[in-house]
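Q: Chain residues, written in single-letter form:
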Amino acid sequence: MNVEIVEIIELSGEASHIYSVALEGAEMTLLDDFFEENKGYTKEMKSLVERISVMGSSLGCRREFFKHNEGAPGDGVAVLKEGRFRLYCLYFDRTAIFFGSGGYKPEMARAYQDDYYLKGKAMQMRDVAAVINSWIKEKEIIINEDGSITVNDE
Amino acid sequence: MKISKRKATGALAQMIANIDDESLRRTKEKMAVASRIADAVKAKGWSQKDFAKQMNKSEAEISDWLSGERNFTIETLFDIESVLNISLIVKTAPIYAQVPNVQSVLIKRKSVSRFSVKPTMESWFELGEKLITFQPQLING
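In order, the protein sequences belong to chains X and F. Using my numbering, the letters of the first sequence correspond one by one to residues 174 to 327. Using my numbering, the letters of the second sequence correspond one by one to residues -13 to 127.
Do not take every clue at face value.
To be verified - Using 20 Å as the maximum straight-line C-alpha spacing, the simulated EDC-like pairs for lysine to aspartate or glutamate come out as follows:
#, chain 1, residue 1, chain 2, residue 2
1, F, K43, F, E55
2, F, K35, X, E237
3, F, K16, F, D50
4, F, K14, X, E237
5, X, K219, F, D25
6, F, K77, F, E67
7, F, K(-9), X, E318
8, X, K240, F, D36
9, X, K278, X, E210
10, X, K310, X, D300
11, X, K212, F, D6
12, X, K240, F, E47
13, F, K(-12), X, E327
14, F, K14, F, D25
15, F, K28, X, E237
16, F, K(-9), X, E200
17, F, K(-7), X, E318
18, F, K(-12), X, E197
19, F, K35, F, D50
20, X, K216, F, E15
21, X, K278, F, E47
22, F, K(-12), X, E177
23, X, K292, X, E209
24, X, K278, X, E327
By construction, these hints were calculated from the structure, which means they are not laboratory data.
For reference, chain X alone in the conformation it holds in the complex (with noise of 0.2 Å):
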């Protein structure tokens, strides 16, 4: 899987670092394509946009903020939570965040397993997950402790 990791001007702040990625051959990067999808559930979306502009300007990425263990074994994908909204994403400490797309969980889905679209979204974050953890492991990048990517040449 090719990705290129985007950081979001607008969003990203003094608290922490704002990423997305955008896949191989696209303009948009994931994060654009869940609010483009979504931007009919104004509420919920306008009220996503302003958590994670906060997470970017004052509080950070702080553990509570995000539902834990949505990925595989170990590979730190969480998730954003809205009502009955899922925005997945990867964390570093409270100052780098990769978010992802997501989508809406029916109430009949007991867990995003139960349904096929938000599956999709969360089957392609572990992909995504898994890639940037094997950058850092391989130390092509390093994520600094301000949650700047400083890309090893080497």
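Using the hints, position chain F against chain X.
A: Structure of chain F alone, referenced to chain X:
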């Protein structure tokens, strides 16, 4: 591998552009309250499960509380304060007990609009603080 910085596009860009300061402030306050609760739980050495037991709530509900998306009722905040021994709400004596005849002072001076009084707990606290601050001016002015 490529890393770049760019602005949001499409609906996300539109939503970011439309964020209003007051709504953002409320969201921040909600998240800050959740964080203060989480910090207090941690300071007590409790897990979310321990806290849920103390509050007589399910773990799922506690998780919702701490996510920052919850609008707490005053009663719930009082209960949390009691269990965690922290202060989440600024408590002052009722306004009438601090500023005698405050309503008549306000009406006479036609200053009530300055305070944008809304029927919410938050704005009453705000009004109370402003009245205390402005008391000498209101009485002597």
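Q: Compare the distance between the alpha carbons of X/K212 and F/D6 with 20 Å, and conclude whether the hinted pair is satisfied.
A: holds (17 Å)
Q: Does X/E237 sit within 20 Å of F/K35, going by the straight-line distance between their CA atoms?
A: Given that 20 Å is the threshold and the Cα spacing comes to 13 Å, the pair holds.
Q: F/K(-12) and X/E177 were given as a pair; does the straight-line alpha-carbon distance stay at or below 20 Å?
A: The hint holds at about 5 Å.
Q: Would the hint linking X/K216 and F/E15 be met if the CA-CA limit is 20 Å?
A: Roughly 18 Å between the alpha carbons, so the hint for X/K216 and F/E15 holds.
Q: Holds or violated: X/K310 with X/D300, Cα cutoff 20 Å?
A: Holds - the C-alpha atoms of X/D300 and X/K310 are around 15 Å apart, at most 20 Å.
Q: Going straight from one Cα to the other, do F/K(-12) and X/E327 come out at no more than 20 Å?
A: holds (15 Å)
Q: Checking one constraint from the list: CA of X/K292 to CA of X/E209, max 20 Å. Satisfied?
A: Distance of about 19 Å is within 20 Å: holds.
Q: Please work out if X/K278 and X/E210 have their alpha carbons no farther apart than 20 Å.
A: Holds. X/K278 to X/E210 sits at ~14 Å (cutoff 20 Å).
Q: Please verify whether X/K240 and F/D36 have alpha carbons no more than 20 Å apart.
A: Between X/K240 and F/D36 the Cα gap is close to 18 Å, so the pair holds against 20 Å.
Q: CA of F/K77 to CA of F/E67, is that 20 Å or under?
A: holds (12 Å)
Q: Taking 20 Å as the top limit, are the C-alpha atoms of F/K16 and F/D50 close enough?
A: holds (12 Å)
Q: Hey, F/K35 versus F/D50, does the alpha-carbon distance stay inside 20 Å?
A: Holds - the C-alpha atoms of F/D50 and F/K35 are around 13 Å apart, at most 20 Å.
The structure is inconsistent with the numbered hints 5, 17, 24, although it conforms to all the rest.
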